[in-house]
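Spelled out from the first residue to the last, the chains are:
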Amino acid sequence: MINFYFALLMSVLIGWLAVIAFTPNTRRNFLLDAFLSVGLGLGICAQITFYSFLAIGEYNPTLIISLNILMMLFLFFINRKSIATAWRNTVFTRQDIVIGLFFLAMFDLIFTVANSQPFGQWDAWAVWNMKTKFLVFGGAEWKDIFQLHWHTQPDYPLLLPFINTWLFAMVQNHFQIIPSWTSVIFTGSGAGLLYAGLTRYIPWKIALLAAFILVTFPTYHFFGTTQYADITLSYYLLAAIILLTTTLREKHRGFAALLGMALGLMCFAKNEGLVMAIILALLAIVYLRKEPKIIGGLLLGLLLTTPPALILKIFLAPPNRDMGLFLFKAGGEYFNLNGLWIIIQQVAKAILGDPPFFLIWTPLLLMFLLQPQRYFKRETQTLTLFFLFYLACIILIYLTTIHFNLAWRISRTLSRILIILLPAVLFLNFYAYWRKDD
Amino acid sequence: MLLTTLRIVIIGFFLIVSTVHAVVSFQQYRRARVAGFAPSLQPGHEFADLPPFVLGNKKVGYFTDLDLSPENYDTGNFLSAQYQFAPALLDINNSDHTFILIDASSPESAFKISQRLQARPVYFNPYGKLLVQKP
Numbered sequence: 063m064i065n066f067y068f069a070l071l072m073s074v075l076i077g078w079l080a081v082i083a084f085t086p087n088t089r090r091n092f093l094l095d096a097f098l099s100v101g102l103g104l105g106i107c108a109q110i111t112f113y114s115f116l117a118i119g120e121y122n123p124t125l126i127i128s129l130n131i132l133m134m135l136f137l138f139f140i141n142r143k144s145i146a147t148a149w150r151n152t153v154f155t156r157q158d159i160v161i162g163l164f165f166l167a168m169f170d171l172i173f174t175v176a177n178s179q180p181f182g183q184w185d186a187w188a189v190w191n192m193k194t195k196f197l198v199f200g201g202a203e204w205k206d207i208f209q210l211h212w213h214t215q216p217d218y219p220l221l222l223p224f225i226n227t228w229l230f231a232m233v234q235n236h237f238q239i240i241p242s243w244t245s246v247i248f249t250g251s252g253a254g255l256l257y258a259g260l261t262r263y264i265p266w267k268i269a270l271l272a273a274f275i276l277v278t279f280p281t282y283h284f285f286g287t288t289q290y291a292d293i294t295l296s297y298y299l300l301a302a303i304i305l306l307t308t309t310l311r312e313k314h315r316g317f318a319a320l321l322g323m324a325l326g327l328m329c330f331a332k333n334e335g336l337v338m339a340i341i342l343a344l345l346a347i348v349y350l351r352k353e354p355k356i357i358g359g360l361l362l363g364l365l366l367t368t369p370p371a372l373i374l375k376i377f378l379a380p381p382n383r384d385m386g387l388f389l390f391k392a393g394g395e396y397f398n399l400n401g402l403w404i405i406i407q408q409v410a411k412a413i414l415g416d417p418p419f420f421l422i423w424t425p426l427l428l429m430f431l432l433q434p435q436r437y438f439k440r441e442t443q444t445l446t447l448f449f450l451f452y453l454a455c456i457i458l459i460y461l462t463t464i465h466f467n468l469a470w471r472i473s474r475t476l477s478r479i480l481i482i483l484l485p486a487v488l489f490l491n492f493y494a495y496w497r498k499d500d
Numbered sequence: 013m014l015l016t017t018l019r020i021v022i023i024g025f026f027l028i029v030s031t032v033h034a035v036v037s038f039q040q041y042r043r044a045r046v047a048g049f050a051p052s053l054q055p056g057h058e059f060a061d062l063p064p065f066v067l068g069n070k071k072v073g074y075f076t077d078l079d080l081s082p083e084n085y086d087t088g089n090f091l092s093a094q095y096q097f098a099p100a101l102l103d104i105n106n107s108d109h110t111f112i113l114i115d116a117s118s119p120e121s122a123f124k125i126s127q128r129l130q131a132r133p134v135y136f137n138p139y140g141k142l143l144v145q146k147p
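Line by line, the protein sequences give chains A and B. Using my numbering, count along the first sequence one by one with no gaps and you end on 500. Using my numbering, count along the second sequence one by one with no gaps and you end on 147.
Worth flagging that the hints you see were computed from the coordinates, not collected in a lab. Check the hints yourself; a few may be wrong.
What the hints assert, rightly or not - Here are the simulated lysine to any residue pairs, SDA-like style, with alpha carbons at most 25 Å apart: (1) Lys411/A - Tyr85/B; (2) Lys146/B - Phe65/B; (3) Lys70/B - Leu378/A; (4) Lys498/A - Thr17/B; (5) Lys71/B - Trp184/A; (6) Lys313/A - Tyr349/A; (7) Lys71/B - Gly119/A; (8) Lys70/B - Gln238/A; (9) Lys439/A - Arg351/A; (10) Lys411/A - Leu428/A; (11) Lys267/A - Asn106/B; (12) Lys71/B - Phe199/A; (13) Lys267/A - Gly24/B; (14) Lys70/B - Pro380/A; (15) Lys70/B - Leu426/A; (16) Lys70/B - Ala117/A; (17) Lys375/A - Lys70/B; (18) Lys205/A - Asn106/B; (19) Lys267/A - Thr16/B; (20) Lys267/A - Leu27/B; (21) Lys71/B - Tyr135/B; (22) Lys71/B - Arg383/A; (23) Lys70/B - Trp212/A; (24) Lys71/B - Trp212/A; (25) Lys71/B - Lys411/A; (26) Lys71/B - Ala202/A; (27) Lys267/A - Phe164/A; (28) Lys205/A - Lys71/B; (29) Lys70/B - Pro123/A; (30) Lys439/A - Ile20/B; (31) Lys71/B - Glu120/A; (32) Lys267/A - Lys146/B; (33) Lys71/B - Asn122/A; (34) Lys205/A - Ser107/B; (35) Lys71/B - Pro119/B; (36) Lys267/A - Thr31/B; (37) Lys70/B - Phe115/A; (38) Lys498/A - Leu270/A; (39) Lys267/A - Val32/B; (40) Lys375/A - Asp103/B.
Only chain B is shown next, with the shape it has when bound in the complex:
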């Protein structure tokens, strides 16, 4: 008797919850169908114009003044840059490469880092990402 009662309660509960979920899902589906395909910016779009400058280079240095601790969302800058540069490797804080990507919080910081590295600016894109080249 207890099992039968439990079964009925379980079925009833999940039927109600799933029906509500089905309605929510269907509404999302209808909205998406009406809206059509929503264009999205690809990850790391702010770095997308830089990889062509480093074609043929296996590794590119990466310098930043952002906080790259795992819990900080600024880590996404490095990760999205790595996505765009793949299959080239971004090497954090290593200046022993021909090209170095400087991803700073401001243009002033970016060019200060460039001067510290004694590197020549190659390209500074509209998103403030600076690509420099070591002599």
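If we strip away everything but chain A, and leave its shape as in the complex, we get:
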């Protein structure tokens, strides 16, 4: 598996070069750079892999590796004069070493948990890993992915399968293990990113507590290592929330560009990511409406990483079956008060009836209810509005359920939604209560 580590290192390097390309003269924390580079780098490599498929019509590991090496060299070239400056501006303390070692230890724990489900859960082999098989072994017929039976969600974006395809191109072996290791990377990096993002604005001990809550949560380990795209979406949502906060506070065009890149990667991760990215982008533009240069940075970032999602959705993937059926079929069964009541019941059951979720989510909700004014203070209101708008979207999506039993659908999906949102909600809550400039 030495090739896997090399692929990961290359991805992190590409991610780091992308970060410093936009923020060379800005004070940055070493751990924030490290954990942000993991996701950005893997996302960029996955999108390059997607472009290689479009270019020659099939999986070609030589082309994939060559293009990624070219990207790395290109980023080195454009950063050649600023690498030294960027490194000097990176804050690196002794506690970063200790905390970095702590997160490395957590990776080992998460990896061991992942071994208890080596093939992931249902959607791993029914959707994501199965699609990776089409990409890697399908030859010129890889686009048959979009003709699969609707049970396998053929309209879904393909960031996770392309990340696994990129890693497989480097490793050329261990097809079954790569998705497991990918899930471990994103699960651990999400917790590290939470700490690194919070510590920029709140006392580091409190930031560590927030990350400790997440990284010790057994349910987070379980869902993170199911090999679903949920954990990648959770990571990119957290990255976007952190970058949005940084952009709004520091009014920095470079961070806005990185935010745009994170939003583009969210669009390519899952359909829910597309919804989240649209809400976040619109909120950012409204809040920054008097800063055209910063909006320009945001749009630049979006331009860099959104095309794969657009190409896939417009030219390749079939339309979403749920939306299509609802729009063209008069009167959805659950689009009424009964549907709303089922949603309320199932949410109460999920949070109040499940001890792990009850112990984490109830205090987080209470934090909001006890001091709501803190969540609408300055840039924090943008983050809060995102969660409120997204909550409305989830309710609408559930109310428009067509060919599932609604209670069943909620019972199968709600816990996953709660895990996707958890890191970002932890960030919002701890930021709202402990921000240093308060």
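We have chain A; now place chain B onto it with these hints.
Just chain B now, kept in the frame of chain A:
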């Protein structure tokens, strides 16, 4: 004062909960370390010996007498079969393909479906999955 009190309560509560979670997680970790890597059957293992018979075929028909509604766990049969057959597509209830996979609740049902399709059995594996071929 209220904020300070709230902060202390929040920290205390989450410290307790996280410590309990950390202990649980560490116990799981120790058990897993001691037990070593637990071998697992790969998804769709009951179909694993069938794909070599259909190499080169882009699509394979799929017939079953199981309930394939989304809420039913029998859907997992189709999905795990699709995982094993990928990158070949399984085409539910379409007999216009050279090879057809019959995934039935019993051997009797499987062979009845085969007769109805007027297809020749190619391979019947130990898990009761029947691969047939149209003339």
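Against the structure, the hints come out as follows:
1. Lys411/A - Tyr85/B: Roughly 22 Å between the alpha carbons, so the hint for Lys411/A and Tyr85/B holds.
2. Lys146/B - Phe65/B: holds, 14 Å
3. Lys70/B - Leu378/A: holds, 19 Å
4. Lys498/A - Thr17/B: Within the cut-off at roughly 17 Å; holds.
5. Lys71/B - Trp184/A: holds, 23 Å
6. Lys313/A - Tyr349/A: holds, 11 Å
7. Lys71/B - Gly119/A: The hint holds at about 19 Å.
8. Lys70/B - Gln238/A: holds, 23 Å
9. Lys439/A - Arg351/A: holds, 18 Å
10. Lys411/A - Leu428/A: holds, 17 Å
11. Lys267/A - Asn106/B: Roughly 61 Å separates the two Cα atoms, so the pair is violated.
12. Lys71/B - Phe199/A: holds, 15 Å
13. Lys267/A - Gly24/B: Holds. Lys267/A to Gly24/B sits at ~13 Å (cutoff 25 Å).
14. Lys70/B - Pro380/A: holds, 19 Å
15. Lys70/B - Leu426/A: violated, 50 Å
16. Lys70/B - Ala117/A: holds, 22 Å
17. Lys375/A - Lys70/B: This hinted pair holds, its Cα atoms lying about 24 Å apart.
18. Lys205/A - Asn106/B: holds, 20 Å
19. Lys267/A - Thr16/B: holds, 16 Å
20. Lys267/A - Leu27/B: holds, 12 Å
21. Lys71/B - Tyr135/B: holds, 17 Å
22. Lys71/B - Arg383/A: This hinted pair holds, its Cα atoms lying about 22 Å apart.
23. Lys70/B - Trp212/A: With Cα atoms ~18 Å apart, Lys70/B and Trp212/A stay inside 25 Å; holds.
24. Lys71/B - Trp212/A: holds, 16 Å
25. Lys71/B - Lys411/A: violated, 43 Å
26. Lys71/B - Ala202/A: holds, 14 Å
27. Lys267/A - Phe164/A: Between Lys267/A and Phe164/A the Cα gap is close to 14 Å, so the pair holds against 25 Å.
28. Lys205/A - Lys71/B: holds, 13 Å
29. Lys70/B - Pro123/A: holds, 23 Å
30. Lys439/A - Ile20/B: holds, 22 Å
31. Lys71/B - Glu120/A: holds, 18 Å
32. Lys267/A - Lys146/B: This hinted pair is violated, its Cα atoms lying about 68 Å apart.
33. Lys71/B - Asn122/A: holds, 23 Å
34. Lys205/A - Ser107/B: Judged against 25 Å, a Cα distance of about 22 Å means the pair holds.
35. Lys71/B - Pro119/B: Holds. Lys71/B to Pro119/B sits at ~24 Å (cutoff 25 Å).
36. Lys267/A - Thr31/B: Measuring from Cα to Cα gives roughly 15 Å; hence the hint holds.
37. Lys70/B - Phe115/A: Holds, because 19 Å separates the two Cα atoms, which is no more than 25 Å.
38. Lys498/A - Leu270/A: holds, 15 Å
39. Lys267/A - Val32/B: Cα-Cα ~19 Å, so holds.
40. Lys375/A - Asp103/B: Holds: Lys375/A and Asp103/B sit about 23 Å apart, inside 25 Å.
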